[in-house]
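4 protein chains.
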Amino acid sequence: MTDRKIPREAGDDYSPAAIRARQEFVRTHTDSAAEHVASYSLDPATLPGNIESFFGVAQVPMGLAGPLLVDGEHAQGEFFVQLATTEGTLVASYNRGMKLCRAAGGVTTTVIDDRMQRAPVFSFADAREARAFSLWLDEHLEEIAAAAEATTSSGKLLDIQKFPVSKLLYTRFNYSTGDAAGQNLTGKATFAACAWIKQHYPGELHFLLEGQFATDKKTSVVNMLHTRGKRVVAEITLPAALVEEQMHVSTDKLYNARMRGQLGSIMSVTNNNGNHSANGITAIFIATGQDVANVAESSALYGFSELLPNGDLYASVTLPSLIVATYGGGTGLATQRECLELLGCYGTGKVRKLAEIIAATVLAGELSLGSAVVAEEWVQSHDELGRNRP
Amino acid sequence: MTDRKIPREAGDDYSPAAIRARQEFVRTHTDSAAEHVASYSLDPATLPGNIESFFGVAQVPMGLAGPLLVDGEHAQGEFFVQLATTEGTLVASYNRGMKLCRAAGGVTTTVIDDRMQRAPVFSFADAREARAFSLWLDEHLEEIAAAAEATTSSGKLLDIQKFPVSKLLYTRFNYSTGDAAGQNLTGKATFAACAWIKQHYPGELHFLLEGQFATDKKTSVVNMLHTRGKRVVAEITLPAALVEEQMHVSTDKLYNARMRGQLGSIMSVTNNNGNHSANGITAIFIATGQDVANVAESSALYGFSELLPNGDLYASVTLPSLIVATYGGGTGLATQRECLELLGCYGTGKVRKLAEIIAATVLAGELSLGSAVVAEEWVQSHDELGRNRP
Amino acid sequence: MTDRKIPREAGDDYSPAAIRARQEFVRTHTDSAAEHVASYSLDPATLPGNIESFFGVAQVPMGLAGPLLVDGEHAQGEFFVQLATTEGTLVASYNRGMKLCRAAGGVTTTVIDDRMQRAPVFSFADAREARAFSLWLDEHLEEIAAAAEATTSSGKLLDIQKFPVSKLLYTRFNYSTGDAAGQNLTGKATFAACAWIKQHYPGELHFLLEGQFATDKKTSVVNMLHTRGKRVVAEITLPAALVEEQMHVSTDKLYNARMRGQLGSIMSVTNNNGNHSANGITAIFIATGQDVANVAESSALYGFSELLPNGDLYASVTLPSLIVATYGGGTGLATQRECLELLGCYGTGKVRKLAEIIAATVLAGELSLGSAVVAEEWVQSHDELGRNRP
Amino acid sequence: MTDRKIPREAGDDYSPAAIRARQEFVRTHTDSAAEHVASYSLDPATLPGNIESFFGVAQVPMGLAGPLLVDGEHAQGEFFVQLATTEGTLVASYNRGMKLCRAAGGVTTTVIDDRMQRAPVFSFADAREARAFSLWLDEHLEEIAAAAEATTSSGKLLDIQKFPVSKLLYTRFNYSTGDAAGQNLTGKATFAACAWIKQHYPGELHFLLEGQFATDKKTSVVNMLHTRGKRVVAEITLPAALVEEQMHVSTDKLYNARMRGQLGSIMSVTNNNGNHSANGITAIFIATGQDVANVAESSALYGFSELLPNGDLYASVTLPSLIVATYGGGTGLATQRECLELLGCYGTGKVRKLAEIIAATVLAGELSLGSAVVAEEWVQSHDELGRNRP
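Protein chains in written order, with the working numbering: chain A, 1 to 390; chain B, 1 to 390; chain C, 1 to 390; chain D, 1 to 390.
No lab work stands behind these hints, which were simulated from the structure alone. Honestly, I wouldn't trust all of these hints.
Put simply, identical chains are the same to the list, so a pair is met inside one copy or across any two.
Below, in silico cross-link-like pairs of lysine-lysine (PhoX-like), each with a Cα-Cα straight-line distance of 20 angstroms or less [to be verified]:
1) Lys253 <-> Lys198
2) Lys99 <-> Lys5
3) Lys162 <-> Lys198
4) Lys99 <-> Lys198
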């Protein structure tokens, strides 16, 4: 082991000198020229709270897709959507889907639930004590909520779900969190709630702040059933003739392919009976300063379609655990803020609008790729637009 | 509906003029100044094949963590790891885990499987015809492989897995794909294979190139069982005293907490009985030009620990579907290439090295967060380092 | 196609003549002598409501195991448990586990939840109408409960869980059902509730009485998370020396084997991280006139163990969806009633007692088989006691 | 604790005296008259190998359904099916489905896979040793098969599937098992194989005979993907007019209801996107001496339907893990054998015939209940035929 140590500066670790020292360190101790990573326009003074040991940026190219016509309760009208990706054909494919949706009258979007959670697990001597605690919890909900909410201005405790097993009680503390994604807010509030509980519960208990029932950064059935972040639906009815004309497939072929895909999803046991929601979500998340690791859970999707008697196709996606913010996290950084502004989603009161735009984008992408697979144009388009890939 | 249309240039859509036109379009038609997004050092001439309708970049801040001591078969020695993220505490937390692992002698890493697939589904008149086709497939495997491999220089068809149901045969065409991630390569090869099959199979059949059994961009049990991309293990044995000293928890408390977390994972039905693999994987993926949407599947994790009789803790993570490339995709772009070079992973013959470094990073992060939750330092560290988050 | 038609008698299809006619029919039209099946002591007059087209009985041999020492809230003391099975070693294995548990002071049992459901799905024109209906449902809960409960003397509507997706609202109508299992009761009550809803809801809606969210006769995550029937825990702490003496294994070997089994359960994705709960449950269900098809869901199990610092082993099973009755169904038939009486569980007010006995039996069986696998006595015991099997 | 001890007789525990002693014991020490349970025609001398501590029988009433018209490869023609159950309406409902299927030309059945497994897990010092062992296993497959097959006359080792994780290798030893279900056969053979491996493998290894990857008595994704027992398909195409006439629903209503049920299945995460396969399977299993606990896994079902352009409905069920025997286990007992003879399935060479009959029965039951739910006749029929249930 060598003694190479990443330079850090106690006073201001975001100062030009501190950053430069790390860039030099990289140049000296690795094979990287660290030239492009050192080229950025953001102001490092904005970075505390977002990153430690900063030394440069990743430049992720962005393409523009749209117009995306949305008939939401929060997003209304035409949007252009920036997609940050290095995957050839992605922007083109989403753009194609948006064109189809616009011609069909636009995508209807609805946020149907909204909650963020932290999920402590409480342990006891035996199952009966766990059950007694569960009842006590119900009786003291108000005080627990007060303790939790004392730590936050924007979070409200909605309810506590309980999942008893053995001598343990797994819980989900569900909060509304305003325009923030809310993972930290709920962590802090729930920690305070647990401290209050520990102090006031007459019996003995142990708790862990996270019992893997909020499954932060991990997709799960419980999050899909009970919502994490926004639960948002995007719907459209596509005329048969329009699909034939633009996508070169008949709606019944599209529907039948989807049914075979769905059985494949059931058998392979995915968290997503659609096509590629992660593509659009990731590209928007990177662009707008979301916590991109949340793609693991946010890309979960329930698709539902109907072939109507007249041949038209009703198509919908429900994103049950879409975690987004328009405030806090990376949303205020240089390019990230510009991208939120591009969507008209920067700042307070905009988070459901962002959720709706993302859901509409996902639906457009599902229809585009779904059609391409059936029309056997998929491989061909990658050949034409994805040349960088072997 | 307006007639606003994203400017495109038929000749060279990556020319300065074409890009500028789109930036102006953004400034005119949205609330975004598009100033920082227009500031980049990458050469747009490198972008065809990676993005369409390019108009700027996302600047994602990167921090440096390490040294990470790895005892792999491909990665050997100390590494510094750049993490692209906007989540405060992430870099600090991974760094803390890396310090622990280094003090314990480093992380042992092993790639135990390596395969990428495309998964066509074949349909027939009834189950017996599907079964007959399944046998025919076995008999013609060599010719099918030849047809597939004619389309690629680096892909080899390893085998075809078969999952019969009803009158359908779902398959997985498994390939080795060299240093490429291989999704496009396998798509093209499998399309050629299916074309050959369609031409030569004496009976009637229909196929869809993707039957949702490769679950591209979607996590699934089948991918976790049978590998998608790299299946890689990172292991370590941590002395009890070291854990106590550095993480302020005893190994038995850590182990017991893990067991409660694991039951939580089982009940909530996640694809990951660990803590937050998506954090480290996403941060490396953004930095190194991976297809970040693959985080959906790549973050799947099997954790396994043992508390040894002497109190030491054996800890391991297995990433069963880690999709990485050191060639193709976004790996050659400006900052992305520099980051791969930082890790000593740019270019051919490096992909398993990258997989090992990522697995070791993930293990470091699991130990760090796992300890913080038990030591109840988790909320506190977010308070100190994650100030940007409400 | 022939014209063979099973004889039926319009007047009394359970009359000796009607039954004899069917027995003759079997003898004439099949290769069966139908001699033993025609030999029974039950009175066919008791069968209307339990079976149609009755022609005989299956004689399923029963063995006796015990004493099983239970420290429950409803079951207190020693019980002998009749097990109806044709699998050699099953009774012996359970008996061995019961002996161990008795020597360790008995099994503690606790019913921690109790609910039965029917799960209608409601469909609308779009997601917003579904959401509006969801709110309406909350506002009219009292009237809906009244409509439901008007159909039953023993059922009470506890709450309605809601799972929105697309333009649909899946629900779970949760009821307490007294000593009945309650599937029919809840079906009837929920049908009445839906009729009331359909009549009073101002908008247009369609419903299906079962949307596969109660998953009757099918195991499911939702039933494991949210209980179907009884949620019951059985716990015990086993002294290390006792386990060594009776089971010929050390508790740490047993625990480590369990951990490997548990990882296997996670990877193979079972509804049961234990060993063979279905064996004991099925054998008691057949004996006591339960709806044996419910084994599909009732055998779901969460196991949780801890190796204590002194080497003793805490072991528990939680059965989250155990469906049992001591009233209605087959519980009043000749041998079935005798078996319920054998357990002291016949009639009203006994259903939780039965649930506790079953859970304790399951725990005994888990410990017995778990030990045998580790002690490598498993194959051997089947060789000795399971001779009828090839 | 009392000293009540179940009487056992060292010499012949199946002698009339031994049995009588236990019946007396029951009468003395419990509230049961043990009168009907003591009434049976089976010869206790046939019971060794099937049950220990025998003291009586459960009399389970059986009804007759049919004719069931099957166009299988093993089952050909009309069958009458005995169903052992205490659930009112079950026989009537299956009978109704069989009538529909017969009118539509019968059910086509196909066994598409057939294998039984035992699943040892092997442990090593680290992941690399586990990987080395995995290769060694491939190289010695022939010798391992020889060791396994030396213990059985009817079992053949087909292959060994491998699922590596951490420092462990989970395996599935897949066998063909003739007319036996094969759980004991494969247990014994695999134990011998493991003994050979332990003796010949040059490195150090530990194994457990069952690593929860065969999931005996527990449903699992791995068994549904890779078959346990028989994988059998039942298919039919139903004319629209026939469905309307007999079931009082239109095929498109039936299909649409099914699609909503299927989404419910996906969301609730069942092992079965159908209706109630466990009902028919359990009733046949009890009657024919199958290991009824296997209902937990055997009731798993993949349903797949298509609404044809002309309005006819293609419907199919695939049972991926149907465990059945016509030899061994309880198949030779008095009533059990008569029931197998009733189906023409007793003895060697009949097991696939039995699997086909069961699959056809399941399909009939799915169509019957599926229609009743849509026609809203379900609750009503239970009211009429299920009077014994509250």
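Are the CA atoms of Lys162 and Lys198 at most 20 angstroms apart within a copy, between copies, both, or neither?
Within one copy only: 17 angstroms inside, 32 angstroms across.
When no copy is named, should Lys99 and Lys5 be tagged within, between, both, or neither for a Cα gap of at most 20 angstroms?
between (52 angstroms within a copy, 11 angstroms between copies)
Taking 20 angstroms as the upper bound on the Cα-Cα distance, should Lys99 and Lys198 be classified as within, between, both, or neither?
Cα proximity of Lys99 and Lys198: none, with 56 angstroms in one copy and 33 angstroms across.
For Lys253 and Lys198, with the copy left unspecified, which applies at a CA distance of at most 20 angstroms: within, between, both, or neither?
between (59 angstroms within a copy, 18 angstroms between copies)
In this structure, the one hint that does not hold is number 4.
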